[in-house]
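Enquirer: So the chains spell out like this:
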Amino acid sequence: MTTGTAGKIRAKARLGDRVFSGSTVVAGSLILVVLAAVAIFLAAQSIPAFLAPAGDLPNDAPNFWVYVWPLVFGTVWAAFLALLFALPISLGVALFISHYAPRRIAQGLGYIVDLLAAVPSVVFGLWGVTVLAPMLQPFYEWLNTNAGWFPLFGGDVSGTGRTILTVAIVLAVMVLPIMTAVCREIFLQTPKLHEEAALALGATRWEMIKMAVLPFARPGIISAAMLGLGRALGETLAVAMVLSPAVVVSFLLLTNQNSNTIAANIANQFPEAAGIGVNTLIASGLVLFVITFIVNAIARYAVNRRKAFSGAN
Amino acid sequence: MATVSAGPIANSLTTGKLPKGAVWMTLLGSWALLAVVFIFVQVAGGTETFNLIGAIFLGTVLFDILIYVMSYLVEGVRRATDRLMTSLVATAFIVALLPLISLLYTVILNGLPRMIEPSFFTQSMRNVLDDGGGALHAIIGTVEITAMAAIISVPIGLLTSIYLVEYGRGGLARTITFLVDVMTGIPSIVAGLFAFALFALLTGDPGYRSGFGGSVALSVLMIPVVVRSSEEMLKLVPNELREASYALGVPKWLTILKIVLPTSIAGITTGVTLAIARVIGETAPLLIISGLTTSVNYDLFSERMATLPVFAYTQYANQGVPAINFTDRAWASALTLILIVMLLNLIARLIARIFSPKLGR
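Residue numbers (the numbering used here), protein chains in the order written: chain A, 1 to 313; chain B, 1001 to 1361.
Don't take every hint at face value.
[Said to hold, decoys possible] Restricting the straight-line Cα-Cα distance to at most 35 Å, the calculated cross-link-like pairs of lysine-lysine (DSBU-like) are:
{"#": "1", "chain 1": "B", "residue 1": "K1235", "chain 2": "A", "residue 2": "K12"}
{"#": "2", "chain 1": "B", "residue 1": "K1017", "chain 2": "A", "residue 2": "K192"}
{"#": "3", "chain 1": "A", "residue 1": "K210", "chain 2": "B", "residue 2": "K1235"}
{"#": "4", "chain 1": "B", "residue 1": "K1235", "chain 2": "B", "residue 2": "K1258"}
{"#": "5", "chain 1": "A", "residue 1": "K192", "chain 2": "B", "residue 2": "K1020"}
Please keep in mind that the hints were generated in silico from the structure rather than gathered at the bench.
Chain B extracted, bound-state conformation (with noise of 0.2 Å):
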């Protein structure tokens, strides 16, 4: 099937070369022999039922052995290796993207009935022992906790960018870039730990829980997470903008308040909507220092306070009977928690689209 030799006269510019097509023809004549064989396997009585992610798996296996094989007696070693690069790279694309599809599949199938009726919005835990109830406690203490994380870390994220990329020279910047990337890997359940410890050291309580804490855990995640967004931002105002001003006068502070911020403030809003969105998920951190309650708690600063992850989370770990009402209300919390993530990535893009400056025109 490889060899162009038919005609009377060989083309020059095709000859040493697969024909056009034989790419996806082997694929897809492996994946059918594979599922022909896992047909036979499940009328043998080998499996229950048809393996579906086994015959694509392995017949894109034997696809790349294949068309290996066929490009290297057609086309040479080079090509070849070529070739095997190219449905390597591709099937890796693939294979990262099954489990986003089969997540987002399963929490839409478990979690949609449960999160469609009116009462997982208006309803809280409160008194509810089996069926019934919602999320309305974990919404509030998930928006409060959020917003003061993000009142406490935006303010001091973005002073810190400013200092690094208008003042910052010498050892302090330096310093504080490095510990800036460092901070970007704490792990989130230590920063709950923080959190607690410290809390627990000032009141002096063993047992201390409050949302306001679980505010303190998020912004160490979040601070690191803004000052290196609105760095990059901040760098990519052009040096002219800068010079025209100070060549006016301007002093320095009313320079970055005046041109550098307002230039760069729809990459800023993007960065910081983009950090929310990450903490806004954090389980770890929130159920060690929030804790869980099953009533609504508007305040921040005394008390127990839910939030939809921790809800989520501890609804599937402590199943009651029957275990279906808590793993349908975990689900459908799941399903709220990254709808209102992918909400404020969207918000992000737009942000970024719409009030971005327009250059180069």
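Bound conformation, chain A alone (with noise of 0.2 Å):
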């Protein structure tokens, strides 16, 4: 456009402009300072724990990992559990908000599962361990009495309900918001035109939506879930209250012998823990922030990766 000099006009760089996107500059970056600050002070403070001599730590533990494995192993055990019963609910009722329930309701319908998210993790807690575990117990002992053949049932029944299968269910719970929400608008996504040629070539509801809705909506499932996972790997206080923990790794359901998860270990025993015993729970917390670092950041990436096949280009 110019003439003979400069190939390109720049604009004149105004005293506002420089300042109002420095500042925004520098907000964003402090994001990326944060994350890693979040990374290095925890490593910081983890340091002693890992190099603790075999006397120090909790639990006798003859090093770290050996102390740590147990927690690990029932974090992600409770929060696979979760998932697996959260799963299906949650694709059932977005579903059911999204194409099976009339229009008028559908929307206050979504209030009513999004209040589920407004309750504290607390309040779930209280709930779980004197409504839930002392309901769940009959139905445990039934469980454990004609169905203890299966290996998941076996073991001691536990007296008070306060097991790794009632955590589960209260993960699920908590979960279950998160992901109805996520499926939810990603059911409404679906290219209209995708659901009326199904149900126009004659297709039922249900093939309509095993031919439009579920393949277009893959990724957003799986991010869904990975959210889902995430939140149940990180919930403390539910955790907590309900499991009655002990030191094993056991994959049995029912019994009061249940390996305790990462996060409702640090909140048991950091009020009291002194010395190296903060610096294990710190480490055990570094060990927790790269486990749900890596899930969430493998969700990112399916999702990213998949959208540009999701059928709805």
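With the hints as a guide, bring the two chains together.
Expert: Pasting the structure below:
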């Protein structure tokens, strides 16, 4: 456009522009700094635990990794069970709100499910330990007597119902709203033309959902599941209040000897911890941070990679 | 019951279909049948009380089987699958509602009598050993810590979202987007540990506790939420508005301040309110970094500070004698917390409804 001289017109650099864009860049970079600081400060405080001699660690663990292994197992096992319960239900609820419920009440139903997200975790803990656990205990006993041959239901049944299965159910209820919200948004974004095309070909409603909605929503469902998994992995108070923990690695669902989770262990031990105990707990927190970081990163990667093949375009 | 061959001439519009109302009749029938079964079980002494949940649950399962078989015989396999999935999806919704109903019922039943006693909002727990006392100190702590967290996170989150929407191109913006997503997933207890590690190193005090540390921990959780929601809202502002402003010679920063932000302010406020509602119920980080005290503490920067969620947790976890006083206070705090969170959610929705710009007219 310009003749001869510079190839590009440069906007006049104003002071206000510089200050404003500069401050937004600083704020954005601050997020990188915060995330880096989280990792660095946790690592710095964990070093004494990694180097600790055998006698100093809690639970008589010879080294930190022996100490943290049952906790890692409990964390992953509880979160996995929670996801197992929550995924089908949240898919069903999201489908119900997006495609089955009458249009007029669908949004109201969405608010009701969002209400679950508004309940603080400590309230879920109170409810889990005083209502849910006693309610499920007779059922556990029945399951243990009649289906004890199934490996997961074996062992000595808990008398209080404060087992890892109860924890998983509480966690499932807690991650349900976020998973439902994500799935619902994705289901609603299905191209109307795809749905109508399927219906016009004579598909029933379920066939339409199977052919048009679910393939379109698959990356979103994966993302929702991973988000739910991340929440379940990091949930603290509900687990700390409901679970009756022990230092074991056990797949059994109905006993009172359950692997504790990292987060619940920190919440239980931290107020009384001192010296190397604090460092050990912070180190286990670092392990939890790494696990959730990996899960979230995988979720984002899966979503971004599959976006191009989602069938929407 | 499912055939339509009664009349001399079969109606071609309704043959091959279940009659109207068959679904609901079957559902009620299965529930009634299972209720009868469970009444028999109760009379025979199998259970102490009538098992309503069992009756409804097993009745629904029976209904699912029945409707599939009936529909399969009359309407064929495709419609049968459709009916089965419809009932399963509806069942999933009911199942999701049950915990919510049970939870709200329990909290209101256990918490309300104690909460409406005036002492709950006017007294702290100072020198209270068994009966009496209140949550005044915890409410003050929650309000101060959350307000401070909002003061820290709203500017950072808002500026970051402006950067991402208006300025950010290339590597840095992509990295920030990715890390904000990852930050959304930081477990709350890790945020608490981070704040503790930070302040313990800075002050050299291995037993450091303060309300401000709690605010920092909550900010770590709150910033990504604010960024995400504000970003969505800024993206909704039509480009035509920006271009009109540029065409009039308005600099970019003034365009953002005078055009983009006012247009999206309702959505941003809603997002911030929801973010506050999310962090106000966080227990784990405050348990670690702010600790607990029985007295009112107004100073964010020194000494322990009680908060409602931590108060509820410790009242339940460290029960004294008689236990009922402590659990009552725990339930009352839980109810107060739920009410605060719901109030915030309601305010957010109202703001969104009242102040959102009227577009498309």
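Enquirer: Could you run down the list of hints and mark each one as holding or not?
Expert: To see whether the hints hold, each was checked on the structure:
The hinted pair formed by B:K1235 and A:K12 meets the criterion: a straight-line CA distance of about 26 Å does not exceed 35 Å. For the suggested pair B:K1017 and A:K192, the alpha carbons sit about 28 Å apart, so the restraint of at most 35 Å is met. Between the alpha carbons of A:K210 and B:K1235 the distance comes to roughly 32 Å, so the proposed pair stays at or under 35 Å and holds. This hinted pair checks out: B:K1235 and B:K1258 have alpha carbons roughly 16 Å apart, not beyond 35 Å.
As the CA atoms of A:K192 and B:K1020 are separated by approximately 29 Å, the hinted pair is consistent with the 35 Å bound.
Consistency note: the structure conflicts with none of the earlier hints.
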